[in-house]
Every structure is written in structure tokens, then in C-alpha cells.
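Sequences and hints are given; from them, build the entire structure.
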Amino acid sequence: MTEKIELLKPQRPVGIVGYGAYVPRYRLPAKEISRIWTEGQGGLPVTEKSVPGPDEDVATMSIEAARNALKRAGIHAHQLRAVWVGSESHPYAVKPTSTIVAEAIGAVPNTQAADWEFACKAGTEAMVAAMGMVGSKMADYTLAIGMDTAQGRPGDPLEYTAAAGGAAFIIGPAENSVAEIEASYSFVTDTPDFFRRAYQKYPEHGHRFTGEPAYFKHITAAGETMLKATGTTPEDYAYAVFHQPNAKFPQNVASALGFTREQIKTGLLVPMIGNTYSGAAIIGLTAILDVAKPGDKILMVSYGSGAGSDAMVLKVTELIDERRDKAITTIAYVERRTEIDYAEYVRMRGKLTMK
Amino acid sequence: MDIPRHWRLRKQRYGLVGEVCESCNAKVFPPRDICPECGKEAKTLYTFSGHGEVYSYTTVFDAPAGFDETAPYTVAMIKLDEGPLVTAQLTDLENRKVEIGMPVEMVTRKLRNATDERGLLVYGYKFRPVMN
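Here the protein sequences line up with chains A and B, keeping their order.
Under the numbering used here, think of the first position of the first sequence as 34, with each following residue one higher.
Under the numbering used here, think of the first position of the second sequence as 3, with each following residue one higher.
Bear in mind the hints are in silico, worked out from the structure with no lab data behind them.
It is possible that some hints are incorrect.
Within a straight-line C-alpha distance of at most 25 Å, the following computed BS3-like cross-link-like pairs (lysine-lysine) qualify [stated by the list, open to error]:
#1 A:Lys348 - A:Lys330
#2 A:Lys64 - A:Lys234
#3 B:Lys13 - A:Lys128
#4 B:Lys29 - B:Lys13
#5 A:Lys104 - B:Lys81
#6 B:Lys42 - B:Lys29
#7 B:Lys13 - A:Lys104
#8 A:Lys104 - B:Lys29
#9 A:Lys37 - A:Lys234
Okay, here's the thing in C-alpha cells:
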């Protein structure tokens with residue numbers, strides 16, 4: 034018996050009213066990490082990764098992305114009825130990041146606020162929930178953020194890619210959106226490919242187990258189901274963006290689903306900034322929105338270890354042309370760059386034991 | 003215990019929220035409820051644009067406790083576009099030379115050392131060279 038797949042579709046059409054990105058300015062080249070740990074031998078998963086400054090964390094980075102999103106949306110922060118931050122590097126173990134962000138942007142006190150966590154897909158989780166909130170008419174505008182300052186154990190393969198950055202989206206009625214979110218679909222199983230226990234600084238991962246049974250299975254299933262359920266083919270899309278833990282995985286999954294290099298090029302930021310975890314797929318989406326034309330269709334599929342994928346189909350509207358220049362573009366953040374060496378990285382990321 | 007002090011200052015520190023004088027329209031920062039220009043009551047909240055320029059600056063090499071981990075850092079007096087002068091750290095400077103008159107914009111950052119693993123995280127305004 035085949036099960037009928039129900040897409041997640043709101044009763045009231047919803048979309049992205051405003052969006053904003055943030056990437057810190059520091060870059061650690063992958064070859065600098067391999068110089069320290071492998072004598073420069075072996076392949077590199079990315080060219081370089083972004084590193085947060087010593088005065089930055091998920092709260093400060095979310096605040097800047099949210100301010101960019103508000104500028105583009107042209108609404109007042111008081112109109113937001115939820116401020117949600119998805120991350121696996123919330124500054125506090127107990128105390129919401131979202132209240133700090135809500136206070137800083139002026140959304141308090143008449144708002145909902147909460148923190149989300151689902152490894153690398155906490156941002157799209159918050160977006161799907163925001164679709165529900167607006168789609169049900171409980172609220173007109175909600176803010177969903179995915180942002181990380183990812184942790185990588187010194188010498189571990191993840192140290193090459195664990196980066197910092199993300200994006201913020203104001204979700205609202207489709208008629209006031211730069212891109213309508215036509216549908217969403219989530220695919221989730223219990224797959225322990227990557228995890229971090231309480232009080233641990235660094236995550237554990239299943240090495241090659243993180244590939245086929247984890248990343249590829251979930252993204253492919255979510256992507257294929259979305260295409261089938263919407264009756265679309267890769268040719269119908271101007272752009273596609275996938276979770277990007279390294280440069281290779283998203284390119285492989287794109288070709289498996291039938292997308293070309295040209296379709297994924299704009300949203301593939303991982304070679305320049307590394308894996309921004311909860312921010313990875315969605316910051317790629319912001320780079321696409323910075324250049325997309327009205328009518329363009331976009332497929333986005335996130336992936337979070339543990340494991341699951343959220344797929345979304347978006348259609349860009351006429352409003353994109355008047356809103357995209359109202360805030361700093363994603364590529365401006367990507368190109369803003371101060372190279373650091375491993376010693377500076379160790380100091381900035383607090384890896385030196387001082388006591 | 004300085005939690006109540008940081009909590010009281012959160013609006014002005016996170017978002018550069020000051021006041022505007024309803025009598026003479028002067029913008030007031032930090033908020034003090036009395037207009038420094040005309041002496042009338044000024045309690046209406048006003049969110050500053052965050053844009054201004056460096057009025058004067060100095061670099062701190064011997065930092066006080068709680069700030070030593072990011073030393074050396076540069077502190078500047080910023081002349082805000084709306085008028086008031088505020089003192090704040092500059093950030094994201096790198097090796098760029100600071101100059102009087104340099105345009106800057108407000109960002110919200112961590113103000114204290116990050117490695118105190120138990121204490122309150124204190125956030126507030128800093129200024130960086132204008133992007134774009």
C-alpha cells in the first residue's frame with residue numbers, strides 16, 4: 034500500500050517578507066589547519082571557513098541578521114509576534130538567545146520567543162513553524178533565524194568546516210512577500226550520525242556514517258518527495274540550495290536529484306565560508322534572493338543530523354526588486370575577509386587554557 | 003551582584019535607545035529624562051540610527067579586569083548623526099588605521115571577556131567602520 038504524501042501547506046499563503054544574512058569577517062584557510070595537523074597532506078573539504086570575532090556569538094550575529102531582515106521587510110519590530118532562533122551553539126545552556134535578539138531589535142514585550150535546536154536544520158525548523166503561525170492567522174509576522182558558531186575539535190575533520198554565520202527571515206502573508214513559500218515537506222528518522230552530549234565542548238560524529246545513511250538519504254528523500262508531490266521537475270527551478278557541510282556533498286546530491294551546477298552555484302557558499310550549520314542552507318537562500326528575478330522558482334532542502342531534512346519550494350515575487358538593496362547583501366559579507374592563522378584562531382575561539 | 007544594573011541598561015546598550023525632547027527636539031543619549039539642551043522633561047524613547055563618526059579615540063593595551071582578553075582594543079568617542087557623543091569600543095578594525103572623522107556604524111556585541119564560564123553575558127553597542 035502506498036501512502037499519500039501530504040505537503041505542509043498553510044491555509045493562508047505565506048512567504049518571506051524580509052531576509053538578512055550575517056557572516057563574521059575572519060577566515061581561516063583549510064590549508065592552515067592541515068599545516069598544523071596533517072603536514073599539509075590530504076584533500077581539503079573547503080577553501081576556508083568563517084570564524085567569529087572574540088566579541089561575537091549567536092546572539093550578536095542573529096541581531097545583525099535580524100536588523101537586515103527588518104530593513105528589507107519595512108515593518109516595525111513591534112509587528113513581530115514571534116522571535117525564534119535556531120542554533121546548536123546558543124550562548125547559554127539555559128536562557129533564551131531569542132529574548133536577547135527580541136530586546137535588541139525592539140520586538141519586546143508583545144511577542145513569543147523561543148530557541149530551536151536540530152543540529153544543522155534548526156533554522157528551517159523555525160521557518161516551518163513560522164509558516165504555521167502566519168498561515169493559521171495567529172500572527173501576521175514572525176521572525177525565524179538559523180545561526181551558528183559551530184564547534185570543531187582541534188585536529189578533527191570537522192575543524193576544517195565548522196564555521197560561523199546564518200540568516201534571518203521575516204515570514205508573513207504572501208501578498209507582502211519577496212518570495213512565496215508554496216509548500217514545505219519534512220523527512221525525519223532517528224539516525225545518530227552526529228551528536229554532542231551535555232557539558233561537552235565538541236561534538237562526536239560517525240565519520241563515513243554521516244554520508245549515505247544520514248545526509249544523502251534524508252536530503253534525497255525530502256527533495257524527491259517534494260518534486261513528486263508538487264509535480265515539478267528540476268527544469269522548473271531557476272535555483273536549488275542544499276545543506277552544505279562541505280563542497281562535495283551538496284554537489285553530489287544536486288546531481289543525484291537532477292539539478293545542474295548552474296542551478297546550485299549561487300547558493301553554494303560553503304567553499305568560501307565553511308559550514309555554518311543551522312545557517313548553511315538558508316544563507317545560501319539569501320544569496321539567491323539577492324540576485325533572483327520575479328517568477329524564479331527555488332528549491333531549498335536543509336539537513337540536520339539526528340536526522341532530518343526540510344524541503345521548501347519558493348517562488349520569487351515582484352517585490353524582490355524594491356527590497357533587496359535595502360540591506361547589506363550576502364556576498365558583501367562573504368567577500369569581507371580578514372585572513373587569520375591557526376594561532377589567532379586558537380586565541381579567538383578560546384581554545385587556550387588560561388587557568 | 004550586578005545583574006540588576008546590566009538589566010536596567012539593556013535597551014540603551016543593545017539598541018542605542020535614548021530619548022527625544024518633545025520641547026526642542028534634541029536627541030538625548032544616554033537617556034536621563036531631562037533635556038540637556040533646554041532643561042525640560044525628555045522621556046519619549048528614541049532609537050538612534052547607529053550612524054556617526056569618530057570624534058576622538060585611544061587604544062587600550064593595559065585593559066581592566068573583564069576586558070583583558072580582547073586587548074589591545076580601541077575606544078572612541080563617537081559623534082552620532084543625531085548629535086550626542088557616546089563612548090564605545092571600536093570593533094572589526096583589523097589593521098585599519100582609525101582616523102578622526104571616520105564614519106562608523108553601531109553593532110551589538112559582547113562587552114566582556116567570554117571565558118568566564120559561569121557569569122552573565124553582557125551585550126552592548128560597539129562601532130565598526132561602515133560596511134559598503
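Quick rundown of the hints versus the structure:
no. : hint                : verdict
1   : A:Lys348 - A:Lys330 : holds, 5 Å
2   : A:Lys64 - A:Lys234  : holds, 24 Å
3   : B:Lys13 - A:Lys128  : holds, 18 Å
4   : B:Lys29 - B:Lys13   : holds, 16 Å
5   : A:Lys104 - B:Lys81  : holds, 23 Å
6   : B:Lys42 - B:Lys29   : holds, 13 Å
7   : B:Lys13 - A:Lys104  : holds, 19 Å
8   : A:Lys104 - B:Lys29  : holds, 22 Å
9   : A:Lys37 - A:Lys234  : violated, 42 Å
The structure shown violates just one earlier hint, number 9.
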